[in-house]
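Undergrad: With chain B held as given, fit chains P, U and Z onto it using these hints.
Okay, here's what each chain looks like letter by letter:
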Amino acid sequence: MQNSDVITHDVIVVGAGLAGTWAAMTAAENGVKDVAVLSKIHPLRSHSGAAQGGIAAVLNNVRPVAGTGPRGPLEQIPPGDDPVDSFDLHMFDTIKGSDWLGDQDAIEIMVKDAPDVVIQYEHMGCVFSRTKDGRINQRRFGGHSAPRANFSADRTGHVLLHTIHEQALFHNVHFYAEWYVMDLIIEENIVRGVVAINVLTGDIKMLRAKAVMFGTGGYGQAYKVTSNAYANTGDGVALAYNAGAPLMDMEFVQFHPTGLYRHGFLMTEACRGEGGYLINKLGERFMEKYAPDKMELAPRDLVSRSEQIEINEGRGVMEDGQGIFLDMRHLGREKILERLPEVRDLAIAFAHVDPIEEPVPIQPTAHYSMGGIPTTVDGEVLANANGDLITGFYAAGEVSCVSVHGANRLGTNSLLEASVFGRRAGRAIAEFIKGGAKLHPVPGDPAEKNRKMVQQLFDNDGSELVEDIVQDLKMTMTNKVGIFRDEEGLKSALDDIHKLQERFKNIRVMDKSKRFNTNLSMTLEASHLLTFSELIAAGALNRQESRGAHSRTDFPKRDDENWLKHTMAHKDEDGRPKFSYKDVTLYWDRFPPQERKY
Amino acid sequence: MSNNDTQRTVTVRIQRFNPDVDKKPHMQDYQVKMWPGMTILDALHEIKTHQDGSVTYRRSCRHGICGSCAMHINGRNTLACKTPIINEVKKNNTVTIGPLPYLPVIKDMVVDRTSFWEQYLRVKPWLIPPDDIPEREFRMSQEEVDALHDAEACIMCGACYSSCAVIGLNKKYLGPHALLKAFLRVLDPRDTAPGERLEIVSQADGVARCHTIFNCIDACPKGLNPTQAIETLRKLAQKRQKYEEAKAERQKHLNEPIPS
Amino acid sequence: MLTFKLQRWSAIALLVFLTIHMIFMHYVPPFHISFDVVQARLSTPTWKIIDILFLFSVLVHAMAGSYQVITDFESAFNYRKALAWASVIIVILAFVYGAKTIWAFQL
Amino acid sequence: MYTSTGFISWLLRRISGLALVLYLFMHLWVIGAANSGVQVFNDRLNAVQTPLFKLFEVALLAAVVYHALDGIRLLLIHYFDLTEYRKSLFWAVIILSAIITIVGGGAILVIAFTGG
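As they're listed, the protein sequences go chains B, P, U and Z. FYI, my numbering numbers position 450 of the first sequence as 450, with every residue one higher than the one before it. If you count the second sequence from 1, you need to add 1000 to reach my numbering. If you count the third sequence from 1, you need to add 2000 to reach my numbering. If you count the fourth sequence from 1, you need to add 3000 to reach my numbering.
Here chain B stands alone, though its shape is the one from the complex:
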């Protein structure tokens, strides 16, 4: 191995969204001098910035005006008055939202860390919307039984991301912007480093580190209609899986009820939190049928399913009947301009509809990946269902599965999870490094191996275009592994995916240049999509029940007896997934499983 090809750091963080940047910043803050962050796009382009509605935390700044019901106006809580919200309530909402698949110890930690994290954001300069007396303002959100979404208009993720990035710069974290990680090196359950390509020059280098942390985000790009960025191709899960780490609960993919019709861009849940209605072709507020109590503010899986039923039964809107109307006109111009300005811009730019004057066409859109790399509550990656660890390997945020979201995530809990567990991972990494962590040797020459792999891709003069394979995969995933699933569809989906994996061997990379070759990175991303999509479909086929976002028409009931457990997928010697199962941590006395009704 040539020495100039190797870069060494104490800590390497992959991904510069909230989780990764929090971990890097916290590690640096806690005395680790040499922290580097690799990101395939500039850190401020990370998809955390696209989150809109808010970040959940029990701050007790706001309460519903007495006697106005669950959708009435909110007011600030006067000093000295009793709080309306509590940790137990936040825990219960999250557990119920997760359909009891969330690990309750992790949920408790997240909920209790939440106020501290939000206050730390505020102290670091985050610009939150305010109550009359100057506290952080809060709004309602789906599945939450108290107003606890702390927000900054409808660009909460954006301001959080910029704030934490600034702090990381302040703490001298080193950023490698536009470095694409293409391999993770784990040997004997000890992490050794990563191989990355400097997109600008095309050079492939080995980066060694005592600790590697993944905060690479989700895998929503596997679906046709998605709110996710082009970048959200699940690189992190695929790399970890290929390197021998297990993946947990991959079959749980959240569909957001309000993606902009055809485009899939997110129309934040805050549209409904602020009081927006969902309307079908007949002009009915159809949520009356499905969640008479919470109506539009039921959890996302339930609302998405309800929309899909309306669409499937012919009550959808637009030419092809695939849409639903989101009606915000009654909120009034002033509230829309103050609270939902970005959403309004999106609707005008892409649907040519001004929400102040017309209802906005929307449809369910792939949104969040509940599954991912299994970790402890300190971000340490598990090696198996027994709880053994992979030394030096950490993960947090959407790429990980702690699991706090279980079978379905509640809105505003994602920014919270990324922040809380990113910070905890940062602290754990700092302790790990200060506790005398060593740089372990790298066997062989992984950089050279990857160079050869790239050269092979370039030399492979096949007939398949990457995009055609990706589009076919997206169709399969949307139609057969989407909101509703059944055995027949899932089997055929697995079949499709295997065929696509074969077709991928016959691809042709059009751009063979070294400099800024995004064609190459798109090809590698496509291979990642094919890797983890198989796990989603296979995991969904195995799980013979309906729970949260996983809805089997052939097994419509939740089955706690057989399926109150996490799916763990390992890569077998022959490259196929092998499944084992892990128990869910439950506080039986406090939050025993019950029927989930809204």
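Hints listed in this document are in silico derivations from the structure and should not be mistaken for laboratory results. Model, not experiment: these values are computed from the prediction. All the given hints hold, so there is nothing to weed out.
Restricting the straight-line Cα-Cα distance to at most 20 angstroms, the calculated cross-link-like pairs of lysine to any residue (SDA-like) are:
#  : chain 1 : residue 1 : chain 2 : residue 2
1  : P       : Lys1252   : B       : Met124
2  : P       : Lys1252   : P       : Arg1136
3  : B       : Lys514    : P       : Lys1024
4  : P       : Lys1239   : Z       : Phe3080
5  : B       : Lys224    : P       : Thr1049
6  : B       : Lys557    : B       : Pro592
7  : P       : Lys1252   : P       : Pro1189
8  : U       : Lys2005   : P       : Ala1204
9  : P       : Lys1239   : Z       : Ile3077
10 : U       : Lys2100   : U       : Arg2041
11 : P       : Lys1124   : B       : His42
12 : B       : Lys132    : B       : Glu334
13 : Z       : Lys3087   : P       : Asp1218
14 : Z       : Lys3054   : U       : Pro2029
15 : B       : Lys132    : P       : Ala1147
16 : P       : Lys1124   : B       : His171
17 : B       : Lys132    : P       : Ser1141
18 : P       : Lys1124   : P       : Ala1204
19 : B       : Lys505    : B       : Ser521
20 : P       : Lys1171   : U       : Arg2080
21 : B       : Lys112    : P       : Arg1136
22 : B       : Lys571    : B       : Ala526
23 : B       : Lys132    : P       : Gln1142
24 : U       : Lys2081   : P       : Ala1204
25 : P       : Lys1222   : B       : Glu338
26 : B       : Lys132    : P       : Glu1144
27 : B       : Lys512    : P       : Ser1054
28 : B       : Lys512    : P       : Asn1018
29 : U       : Lys2100   : Z       : Ser3036
30 : B       : Lys449    : B       : Asp5
31 : P       : Lys1023   : B       : Arg515
32 : P       : Lys1124   : B       : Glu29
33 : P       : Lys1124   : B       : Asn172
34 : B       : Lys438    : B       : Thr8
35 : B       : Lys452    : B       : Arg508
36 : P       : Lys1252   : P       : Glu1135
37 : B       : Lys597    : B       : Pro556
38 : B       : Lys335    : P       : Asp1150
39 : B       : Lys512    : P       : Pro1019
TA: Same frame as chain B, now just chains P, U and Z:
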């Protein structure tokens, strides 16, 4: 707009340049079949994935919040993902796309933003809070928050920076994006270093170098107004001491409720 | 920022002085200007003060403006200290020359 | 190149400004003849008061008026936060400059050719 009209084939004229092979940039035409609602970014994606994989540009979120895909479209800077192609092909059924002006080109539409980020770092974008950190949040009024709107909503896409004629001449100038960031911190009631920041922006390459050309306002895809922020900083820089005193006074009450 | 301030204040002064100058020199008879005409006007101290101030503000404005135009170029920007001193010297020299000229009309 | 009303106004401002700087030093030199005595002054001044120079004077007036009005525009924008009105203010400056130049320049020419 008839269905036929939105589904016609249009010409996308792209400025191509790979410094490793090309001596100078050249234009290349591609034919793309439109679909209703297609954006410039969708058209580029179609070209890259089906016609010519070497066409290179940055992109990520697809809906105007990440700031990756700022480029020069039909003579103005904007985000490719937020621009419907139908609005741009009125002349000769053609849309012309190039990289952001005034910046070194890495490849096709990908520009080198090094100077952009250096200037961003120069204004020390992070908050410098008071020593006395309360247990709960600092108190700020909604009016104080609203005053920061433009600076806080900025996505750092660089459209303003590369539309600025001064930047075209002189990369030492801080530029609208960095000044907007400085404005955010100077105006933020929680920041304790307004004097230091005003000192930075008062240097020869700071607010005085702005010649009120307004290209930044015209270029901003988020509809923000960096010129106004620069004008405000100019005024504050001229009465720095008074402003510092006012801010210190305000900071005595950061832990108290905003009086109604 | 100093250049900026100088330019702004001299601009405001110029708006006043230049208007006066233009009206009196071009739109008030006699229209043909000769030594006598100028001397007649400059015999009052008010006019002398106005013209001296006018001269000063116009020089400051001109040199501050030129300095800005030149230092907008990055190559010149790196020599801005030298250019600033050059501007100051030009202002002083031109001012002395101009003031001497105004004085000459007393003879 | 990024053209806009702001860019045009900036370009015109710079060109007129530099022209005025040149004129200023020429002007100083002409008037400076007073240092060399009455006769020199009157000769030099007569030379620049021929009809040809009157035409230059109209151009000078245009430059001064545009430069001044554009400056007033910037002052207004600075002190009264009028960035939103930048385009209408630009056109106002152009139109007003044209009117003043035509009226004032016309007067100069009328005076010059009727002998005042």
